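Assemble the complex: chain W is given as a structure, and chain Y with the ligand must be docked to it using the hints.
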Amino acid sequence: MGGATLLKETGPREVFCGLTSIVWLHRRMPDAFFLVVGSRTCAHLLQSAAGVMIFAEPRFGTAILEERDLAGLADAHEEVKRVVHDLLKRRPEIRTLFLVGSCPSEVIKIDLARVAEHLNQELKDHVRVLNYSGSGIETTFTQGEDGALKALAPLMPESEIDQLLLVGTLSNSVEDRLVSLFNRLGIKNVASFPPRQSEDLPSIGTGTRVLLTQPYLTETARVLKDRGAHILKAPFPMGVEGSELWMKAAAQSFNIPPSLFESVLNPLISRSKKALEKYKEKLGGKKLFLLPESQLEIPLARFLHRECGMEIIEVGTPYLNREMMQPELDLLPDKTLVMEGQHVEKQLDRVRDKKPDLVVCGMGLANPLEAEGISTKWSIELVFSPIHGIDQAADLAELFSRPLHRHNLLNQKLLTHA
Amino acid sequence: MELTLWTYEGPPHIGAMRIASSMKEVHYVLHAPQGDTYADLLFTMIERRGKRPPVTYTTFQARDLGGDTAELVKGHIKEAVERFQPTALLVGESCTAELIQDQPGSLAEGMGLGIPVVSLELPAYSKKENWGASETFYQLIRGLLKNQTPENIQKDPEDWKHQKRRPRVNLLGPSLLGFRCRDDVLEVQKLLTEQGIDINAVAPLEASPADLMRLPKADANICLYPEVAESTCLWLERNFGMPFTRNVPIGIGATHDFLSEIHEILGMPTYNPKDERNKSRLNWYSQSVDSNYLTDKRVFIFGDGTHALSAARIAKEELGFEVVGLGTYSREMARQVRGMAKELGLEALITNNYLEVEEAIEATAPELVLGTQMERHSAKRLGIPCAVISTPMHVQDVPARYSPQMGWEGANVIFDSWVHPLMMGLEEHLIGMFRHDFEFVDGHQSHLGHLGGVQSENETSQKQRAINCTQDTSSEEVPIWTAEGEAELSKIPFFVRGKVRIKTEKYARQAGCRKIDSETLYDAKAHFNS
Ligand code: SF4
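Residue numbers (the working numbering), protein chains in the order written: chain W, -6 to 411; chain Y, 17 to 546.
Any given hint might turn out to be false.
Claimed, not checked - With a straight-line Cα cutoff of 25 angstroms, these simulated PhoX-like cross-link-like pairs (lysine-lysine) come out:
no., chain 1, residue 1, chain 2, residue 2
1, W, Lys339, Y, Lys67
2, W, Lys280, W, Lys347
3, W, Lys280, W, Lys267
4, Y, Lys67, W, Lys347
5, W, Lys339, Y, Lys94
6, W, Lys275, W, Lys347
7, W, Lys1, Y, Lys94
8, Y, Lys90, W, Lys1
Treat the hints as calculated values from the structure; they're not laboratory data. As the structure is a computational prediction, the values presented were derived from the model and not from experiment.
So that you can see chain W by itself, here it is in the shape it has in the complex (with noise of 0.2 angstroms):
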């Protein structure tokens, strides 16, 4: 048994809140809309993560909030109710609408729940109005999908139906591609959570059983879970030990024949770990440091660490639910040291005195890492990559080799003479 040591530290954080999400989630559901109710912050966070690139018009907006909103609470009600219909004239291809709480309306207390009441009464068939929070004193980063598919969740019809729910927003090609192996399998009713049209929702019920896609959809489990679901317990997609133990979680609960499973999966294991020969000898005792902000941090280190030899220096996490990461805990090494929360300053000053070769982290602080000599990687780049499953093993540790091979091209060549 694995022993992790886990630690906890407060103090100045450098982590998005959950409305980062949005920059995800609204990719995955072309016929949602996310209208955050905050300030002009919100705004400008939003903008700022998704950068200027997505432009055209997007599918997410705030209502911002001014002074008067501020004065009267009755009037911020009304006022987000005549937004959402001016919002809806203009764009007419909206299914799903996503009230979005932030930091300023959880403290002024806009009780966005009610909004979506009166508004699914109003508006009848034609949206579904939901709501959920992806304020930053209550959630970080991930945690705001978390939030948006547990406000979908009920909306699921209920059937009693033998299936594999995946469940957290994959690629789509990712997606096809685990389907068609648990196909393989012989699960041949297998649905994804969320899914790609919002009005599209699979259903759920006693014969379900979910394998979650990503680590940070505590609440959505647990709702799940109440609607008869069976949570299934793995270690994530992530590199090949990963992801055949996730697979091989469903396997079992669906009681696929082991010679099936390897027969399978094993042709594409031994091409996967061939394919990661290349980067474990990059990466193999290069030192790794994980600043916390995705949630994926755990999961991570457990891959670079086994299937490519990184040496863990600290593995940071915005907070840790041990129930679900307990498969992943198992498998670090001994005394690695988990720390949850964060005191930046003091994490900083542990990174410059470990020296480690790669720093995972926010971009924030990649640049003014990068400028003291510490190749980085942005944390933010995993949750929009295909990383998931065996196939995508190699992909993955790319990702990670390519600052230090970066790093070497550059650095002495140049930066040395600087």
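Just chain Y with the ligand, lined up with the frame of chain W:
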């Protein structure tokens, strides 16, 4: 409540961060939730800084709200001061903390930190980024200098004469995340040094609190970016008697006016623009025959106040464009922009809503858009060339090369970057002629080159329109060319033949003739020439 999809300006505390991050030895404690730390990436990613902004976020959480958030704030302030040892401290709050009213500023003032503490009150629900930058700069300078204000504020800007030294000025306003500030400072320094004027201090960019303390040693202030520095300049004028410049040296005319103004303020010998005539290439490039094609190009201008105003003047007076739209998102400068628009016979567009700007662009159908990154996207969608003249900043607006907007070199940069999205005169002429030849229709590009990026999109969309046009007309009756008409047409040089054919057909339809002979051709020519 205002629905916002994309914004031109961040909240006011971002403006405060711009001031703090521009400076040395200043630290900013910001009472804010964790998500607000995204702001660091504006500096480290967009501006590509290798340093973290000097900001400590208190990152309070919901569970802290029941307890003593004031203690939490004090803890962060103490730690930040110990760790970063600033010589001046800014303390403020973002939108959420404003609602809980912990008043971190007064908390800090009561802590006996032994350094100047400036408490910032930046109303997040009514003000925006540039206002926040301006207010922070002003509060910081006022905080540092208020005990030094002289009894007798009769300052003589000609002191330099009595003291037998060169005159000296402060450059106020350049900051991080300001449009091309880094290079403008160098250019204006050069400009002034050539006139025998020294720089006493530049602020906030790269200034320390000690530099701010010696601002009054200058004879006058240069207000480089009114959005950020005007309120400070006014305060320094009132309290220290320091005059300041109103002209922003962007463009040839404005640079001359700026130099005249500073000569006059400092009591220097009258400035003669003739001495500076050939400092910039913009004049000659604009006069050169190739630039004939720039004549009366219809431009639409939108940006912050300073850059929109400058652009309008350059467009009209220095490039011979016709300004067909002018607007700004800087409400603080709405009055001036309205004034300038009126002079141009236009009504100014003052708005924060990029969709309104897009509609206005579409309605005026300009040939060139001078705007922000938002307008660049809108223009792209509409198939119109665009050059970016103003914030909000994008990583592309922080080029590696030297590219100021101000002074003589700034005028060169502006000429290139505005004219580049358009086609070269000769090139446009040829493309116009060949447009209907098969090579073009088949998607071949001119060997005359650089039709990359925006231009090629523009070209495609023009093609698109040409095609639409043929489709439209096909529904109407197409006039028939007589053999004689065809013969006459074949005498016309091949490179204009297509154009003539289309124009003649158009004329024929308008005139209601079913057959085109040589006479129709000449009628058409006369019709379109008149
Ligand atoms: S932390 Fe709160 S106030 Fe800041 S952007 Fe996130 S939700 Fe908005």
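We went through each hint and held it up to the structure:
1. W:Lys339 to Y:Lys67: Judged against 25 angstroms, a Cα distance of about 17 angstroms means the pair holds.
2. W:Lys280 to W:Lys347: holds, 9 angstroms
3. W:Lys280 to W:Lys267: holds, 23 angstroms
4. Y:Lys67 to W:Lys347: Roughly 20 angstroms between the alpha carbons, so the hint for lysine 67 of chain Y and lysine 347 of chain W holds.
5. W:Lys339 to Y:Lys94: holds, 15 angstroms
6. W:Lys275 to W:Lys347: With a Cα-Cα distance of about 20 angstroms, the restraint between lysine 275 of chain W and lysine 347 of chain W holds, given a limit of 25 angstroms.
7. W:Lys1 to Y:Lys94: Roughly 22 angstroms between the alpha carbons, so the hint for lysine 1 of chain W and lysine 94 of chain Y holds.
8. Y:Lys90 to W:Lys1: holds, 22 angstroms
In terms of the numbered hints stated before, the structure departs from none.
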